[in-house]
Each structure stands twice: as structure tokens, then as C-alpha cells.
Amino acid sequence: MSTIAPQFRLSRFIGSLFDIIFWVLLLFSLIGLPVVFIILFYIKMPIINHQLLTPYLALTWMADPSRTLPIIKTLLHTTFFHVIAFPGFGFAALLAAATIFVERKFLAKIQLRVGPLYCGKIEGILQLMGDGLKLISKEIIIPAKADKPIFWVGPLLFLGTAAALVSLIPVAPGGWVVANPNVGLLAVFATIGFFPIITVLTAWAANNKWTFIGGLRALHQMIAFEIPLILSLLSIVILTGTLNLTQIVESQQHFWWIIFAPISAIVFFICIIAELERVPFDLPEAESEIVAGWLTEFSGMMYGLIQLGTYLKLYAFAGLFTVLFLGGWNGPSVWPQFPADIVTQGITIGPITAKIAGLPLFDQEMLNGTLWFVIKTVGVILMILLPRGVFPRIRIDMLLHTGWYKLIGLAFINIFIALGLLYAGVLGPGGLIQ
Amino acid sequence: MTTPLPPGIQLEKVDDRIMTLNVGPQHPGSGHMRLIIKVDGDYIVSCDPDPGYVHRGEEKMAEYRNYIQNIPHLERPVIHDSCNVLYPYCLAVEELLGIEVPERAKYIRVIASELNRCIYTLYWLAIYGIFLGHSTMFMWPAGDRELFIDLLEAMSGARVTHAYLVPGGVRNDLPANFEERCLRQVDYFEKRLKEYQAIFYKNPLLISRTEGTGILSRTDAIRLGTTGSVLRASGVDFDLRKKEPYDVYENLDFQTVVMKEGDSYARSYIPYLEMFESCRIIRDAIRKMPKSGSVRTKLKPNPKGGNDEVYKRVESGRGSLGYYIVSNNRPEPYRVKISVGSFRNLICMPYLLKGELLGNMPSVYWGLNYWPVEADR
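Protein sequence lines correspond, in order, to chains S and C.
Here the first sequence is numbered in my numbering, starting from 1 and rising by one per residue.
Here the second sequence is numbered in my numbering, starting from 1001 and rising by one per residue.
Mixed in with the good hints, there may be bad ones.
[What the hints assert, rightly or not] Cross-link-like lysine-lysine pairs, in silico, BS3-like; alpha carbons within 25 Å at most:
1. C/LYS1260 with C/LYS1337
2. S/LYS138 with S/LYS148
3. S/LYS209 with C/LYS1013
4. C/LYS1038 with C/LYS1354
5. C/LYS1060 with C/LYS1288
6. S/LYS109 with C/LYS1191
7. C/LYS1354 with C/LYS1013
8. C/LYS1354 with S/LYS209
9. C/LYS1354 with S/LYS145
10. C/LYS1288 with C/LYS1304
11. S/LYS109 with C/LYS1194
12. C/LYS1243 with C/LYS1337
13. C/LYS1242 with C/LYS1288
14. C/LYS1038 with C/LYS1013
15. S/LYS134 with S/LYS105
16. C/LYS1243 with C/LYS1060
17. S/LYS148 with S/LYS105
18. S/LYS109 with C/LYS1060
19. C/LYS1354 with S/LYS406
20. C/LYS1243 with C/LYS1304
21. C/LYS1202 with C/LYS1291
22. C/LYS1243 with S/LYS209
[Claimed, not checked] Covered stretches of chain C, going by a simulated chain S footprint (3 or more residues, C-beta under 8 Å):
23. 1048-1060
24. 1084-1095
[As the list claims (entries may be wrong)] Simulated restraints on C-beta separations:
25. C/GLY1355 with S/PHE255: 17 to 27 Å
26. C/ASP1050 with S/ILE142: 44 to 54 Å
27. S/SER11 with C/ASP1050: 24 to 34 Å
28. C/MET1019 with S/LEU76: 54 to 64 Å
29. S/ILE197 with C/LYS1013: 29 to 39 Å
None of these hints come from the bench; they were simulated from the model.
Glycine is no exception: its CB is placed at the ideal position from the N, C-alpha and C atoms.
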């Protein structure tokens, strides 16, 4: 059967959107509203401010921006929101999902294919959702002789560690970071150090030769590249004199550290590709040699969790590269200023003038910073994805040789350059260039 | 005292450091076969190829069918190279039955078999790419195969198993405007081949990974009886199209590609360079082909071979491929023996893999130009 790509038609797409809206409204009014009213009939409503809280009153309050906006604004600055939504898991997972989609289309264009095409009408944009549903609906198979507790907990640990890495990345000025310890960079190193342990544990627990070999390869690879990774970041620490990631970003208001530490940036970039087990360093998952490496025995959503963790890790490393070398959220102000008279004069729409307290929800600096951070991070992510289209897999001896000989030496060179700049009084605390 | 073992079973003493890996038949890096590999750390101590999972008894089946009925099933061992697989069979049967082949049919046969060689080599190259983890090199050749598949579809009507070559010529004449279309696609394909070189063969990672691994010296290559691209990669100038030219190959202008290194890189590079030669052959054959004439000699119904035996071989995508046919005055052959290049190249795999890293296994294995289904027949 030959498959021909359907032509995307805007009219048909809009028509289908109207279809969906029609059915949602119909089902809501026929089933949803009666159910709500049946439930409300049996519930005794409370009295607030001498008013009986009817659904009508609740809807009125919800529609009143002067009541809801302060609540939302307070919610935005809670730790809960930070962890769940914006600089934390939700934001990272959204970027990770976008990364997966972009990777598939991007690779397909390199390889003269079309990539995902059918799921979701526009260029297969819902393909990831379909894949996720497939993974959830699949059976989870545990090998008979596996060490079951460790095997079960492995994917969760992997995802949790990746999310811990995400929580350390400062996204925007004004405290938009989940955790901001004074030793942030040290915390990053400590979190990265967990990955080889989890990998080896799960590989050993699966009780399979291929996972065992894959786990050992991952262990060798991660340890060989962790040392140059840490060394490459030391020059940044020397230049800034701090381990706090937010302060490192703030120190780059006038110039990016990639200008003074280009070798470190290259070493760090190669190391993150190796840490992420991406092409050309995808030895732990080399399918023509060791099936799927340490992921061989995972099935269903356990595999899905590990994939999610991998892409969170990808986002975290790309964000780290942005924060350390590309100036984080710093960038020219492109986001338009929020009109100040809305707060004082109110919005005038025809005859109605509404004064809304609590605006703006986000200040201009934060939106501008987020925009620049996302642009830079997406650029780094694309650079990390690119080798997959052009490189074959490297061999283990060449990998270890690269890690232990070349990258460590290169990282040291940049440390000496940084020390030279520091002691010459050019950079660093109290230097000529601030 | 342990219990005595049942007869026919013996225990093997294995060092604690040694781990035995069964690569295949359920493994993405094996074909329809198994490699029993013993590794010490990451080094391969011994390798024992175990083919035979797709043995289909083609030779025995051929004894129950007459010479024409044998055509479709004998191309099944390598469906991607079906013209070259049928070529020696047709040559042998023609000699057995004493048939003259028209001049135009000979050229068409050469064109078809060279197109098919390109199809096979592109498929092989695609697998080679994905074995080394280069996914672009998997997609590009798999897509460019379509050019030649379309051409052969226009010639024969089938996309994969063409059954185009028959004793006495080819099944049908070329379609209208075929020459022009073929030349256009060959021109385009040569441009694409240069892009392959840029992304794959000049890739520093590929070179560092395959150069100097799995070296097969010239003497070893001859002593182990290898053939085809493996033999030519070890510096032996042996191509049946030049050395024992069949049909019209002696009239055509092409060269044998030989490299001296004998390593994995040379073994992967030779088939690629031969695709350029295939393009040259196709172009030359189209130029020299008689523009009209018969393409098939009519056979007698149900022809009988004499009390005779004949051996014919051609250069297929995987080396020399020979048919030994014995007939005994009956419409069916008495015995058909297929001598394939794949199986002979497989023999040198234990020698090549010993002492190599496990990471070199895919490149050495697939560089041998081995097709498991053909080896099992």
C-alpha cells in the first residue's frame, strides 16, 4: 500500500475545530450541567459575607478579576507552583515534549523523510501523545529472575534525579528558580553523580547480559566524562568567584563567559552529549551490539519514564550550558512594556471602565528573561540534536581516550587561562572588566 | 561424583572471566543467524557463527521442478539481488539445452543485473550505516534504492522478485523511452553517491572506527576462500566480470576496484566504489546495445537436458555465485548445487573477530557482505 501525505487544508482544520467545539458544548450542556446541578441539589452550600454561595455567585466571583488576580499572583510565587509548573517540572516537561517532536521532524528533514505526519492533523503534532498513550497501555514485563524492588524503582529514581537537576536551573530574574542554594553548581555535580549509580543498579537488577554490558558501558562513559565536565566548569567558578547559579547569571550582564572560556564551553558541550548518551556517544544503547543496552528489559511506562527523564536531563544540561556560558536570561529588552495606565486608570472598553488590581501578573523583566532563556536553551538543544544526523557511533576505547586524555587536558588549559585572567586583574571580583 | 552425561553431550570448561553472548537470532545486530561470541571484558575471545536458521531447501526443491518452473523460487535466497542470482542459472541451462541468446537480450541482462547490483549494494549500505549507528546512512540509501527499483519495475513488472532473466534471454523487451529514463536516473544517482561520501565515508568517526580493524591479509583472504568485495579489499584483483567474462561484459568499459588495506574500512568502501563502475557499465551498455531485435529465444515446451553436467558462475553483489547443474535426460535437473559467496565469506569471520572489541563486531560482520538467507539457501 502506498501512503500519500495528505495536503494540509486550513479550511478543513478550522472546520474540524468547530466540530470539536460543537460536540464539547453539546455534551457539556446535555450531560455535564445536569450532573452538576444534581450534585449541587444535595450539597449544603456555605454562607460567605452574609451571602449564600450559590453556583451563580461563585461564577461571578471567578469572573471578577479584582478578586481572582491577587489569588493567582500569590499562587504564582508559591513553592508549589515553582515545583509543579513554571521553572520546574511542567515547564521542563513541556520543553522536553517539544524537543522530542522537533527532534523527530528535524532528523526526518536531514534524512529526506517526512517524520510523524498523521497523528494530530498538522504535521503529526500529537504523535508524542499517541506514543505516550501506547506506552501507558502496554504491559509492564518484569524478568523472572530480576531483582524486583530495584528494577521497579530504577526508572522512578532516574526521573526523580533528572527533575532534581531541572530544579536547580534559574530561568528568569526575580527568584524564578525552584531551588537556589549558595552552592548551586556543587549541587549540580552531586546530582549528576547519581546517574551512573542508578544506571548500574537497574542494569544489574534486570539480570540480563545485555543490560549488564550496557550498564558497565554507561558507568565507564559517565565517570570518564564527569571529571572533564566538572573541570571545565571550574574556570567559570574561578572567574565569578561564586557557586551560586543565579549570581553566575547576574555576572554575565555585559559579556558571556563563552568569550573568556571557549575551550571550557566546547569541553562542557562534548561532555553533556556523552552524559546524555546521545549520538555519537550512544554506546550504552548501541542496538547493533548490545540490543538496547541497559534499557533492554524495560517495557511500557517504565521505559516511558526513563525516556522522559532523559529528555528532562537534556533540557537541564542545555539550560546549564545557557546559564553558565551564554548569559542565562540576559539579553536586550524585546518584550513590550506593560502599559502602566491600566493599573491606575483602568481599562476602558466602550462604556465600561474596569479598574483591575493585581496587574501585571508577570513583570517585564521576567518575561524578557524567560524569552531569552528559552531561545538560547532551544538553540543549545538543537545543537545537541544535530550530531544524530551526521555521526556514527564511537567505539568504547576511543570514547575513554577522548574523555581521559583529551578533554581533561583541554579543561585544564582553560583553568590556567582563567587563573591568568584572574591574577592579572582583568576579570573576577575586583577586576578591570565588571 | 557427578552423574554421567547422556551420550552426545559434552561439558565445556569456561573461565570465570569469560561471558558467552548469543548474538542472534533474536538480536537487532544479527541477521537470520546466530553468532556465539565469548567475550573477556570488551574483547572477543572466540566467535562461532551458527547459520542455518533460514534453510529452505532450494537445491532439493529444484530437483522436482522443470527448468522453467525453477526460475521463481531460485531467486528467493537473495530477493534484493534476484537478477544476479538467476544469471548463472540461466547461463548454465542455456549451455545444457544448447540455446543461443539474442545479442540485445545479452545487453538487457547486463543492464538488469547491474541495476540489481546497485539495489543490493544500497540495501547493504543502509544496513551497514545503521549497524554503525549512523541513521542518516540508513535512510538515504534506502530511499535511493527506489530509483532502481522503479526502473526494474518498468522492465519486469515486479518491484523485488523480478524473475526477469530466463533461459534464452529476458522475459520481455524494454519499455518505451527506457534508455533515456535510465540514463537520467543514473546521472542523478552518481550525484547522490558523492553526497554519501561526504557524510559517511569521509566521516572522521567512521574512519577512526573502521580503519585498521579486522584486517584480512592477502594470503589469508586467498587461503580462506573469500570472494567478492572481501577478496578485492585485501588486494586481490579478482572480478569474474573481468577474469571470466560472460555475455557481453568483455565489450564493456569498466574497471575492477581493488584496495590493499584489507580492513573493515576497505571492505565497506569497495562496494560503494563498485556502484560507480555499475553506473559506467549501464551507460556503456545502453550506448552499445542493438536498438531493436529479438530478446528471447523460444524454448521447446518442457525442454530436456542431455546426460550432462555444467558449472557456471557470475559476479554477484556478494562475490562469485555459481550453479552446478547435473541433468539426466529428464525435464527436471538431477541435481542443482548453488555455490554462494556469502557462505564463503562467513568462514573468515571467526578469524577476523578474534581479539577485536565487541564494538567492532557489527562493522566486521556486515563488512563481510554476508547475506544469511543466501548462505542457508
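Here's how the hints hold up against the structure:
no.	hint	in the structure
1	C/LYS1260 with C/LYS1337	violated (32 Å)
2	S/LYS138 with S/LYS148	holds (19 Å)
3	S/LYS209 with C/LYS1013	holds (19 Å)
4	C/LYS1038 with C/LYS1354	holds (9 Å)
5	C/LYS1060 with C/LYS1288	violated (40 Å)
6	S/LYS109 with C/LYS1191	holds (19 Å)
7	C/LYS1354 with C/LYS1013	holds (19 Å)
8	C/LYS1354 with S/LYS209	holds (20 Å)
9	C/LYS1354 with S/LYS145	violated (32 Å)
10	C/LYS1288 with C/LYS1304	violated (34 Å)
11	S/LYS109 with C/LYS1194	holds (19 Å)
12	C/LYS1243 with C/LYS1337	holds (22 Å)
13	C/LYS1242 with C/LYS1288	holds (18 Å)
14	C/LYS1038 with C/LYS1013	holds (13 Å)
15	S/LYS134 with S/LYS105	holds (20 Å)
16	C/LYS1243 with C/LYS1060	violated (31 Å)
17	S/LYS148 with S/LYS105	violated (37 Å)
18	S/LYS109 with C/LYS1060	violated (48 Å)
19	C/LYS1354 with S/LYS406	violated (29 Å)
20	C/LYS1243 with C/LYS1304	violated (31 Å)
21	C/LYS1202 with C/LYS1291	violated (41 Å)
22	C/LYS1243 with S/LYS209	violated (48 Å)
23	1048-1060	violated (count 0)
24	1084-1095	violated (count 0)
25	C/GLY1355 with S/PHE255: 17 to 27 Å	violated (52 Å)
26	C/ASP1050 with S/ILE142: 44 to 54 Å	violated (30 Å)
27	S/SER11 with C/ASP1050: 24 to 34 Å	violated (60 Å)
28	C/MET1019 with S/LEU76: 54 to 64 Å	holds (55 Å)
29	S/ILE197 with C/LYS1013: 29 to 39 Å	holds (35 Å)
Consistency with the previously given hints fails for numbers 1, 5, 9, 10, 16, 17, 18, 19, 20, 21, 22, 23, 24, 25, 26 and 27, ordered from lowest to highest.
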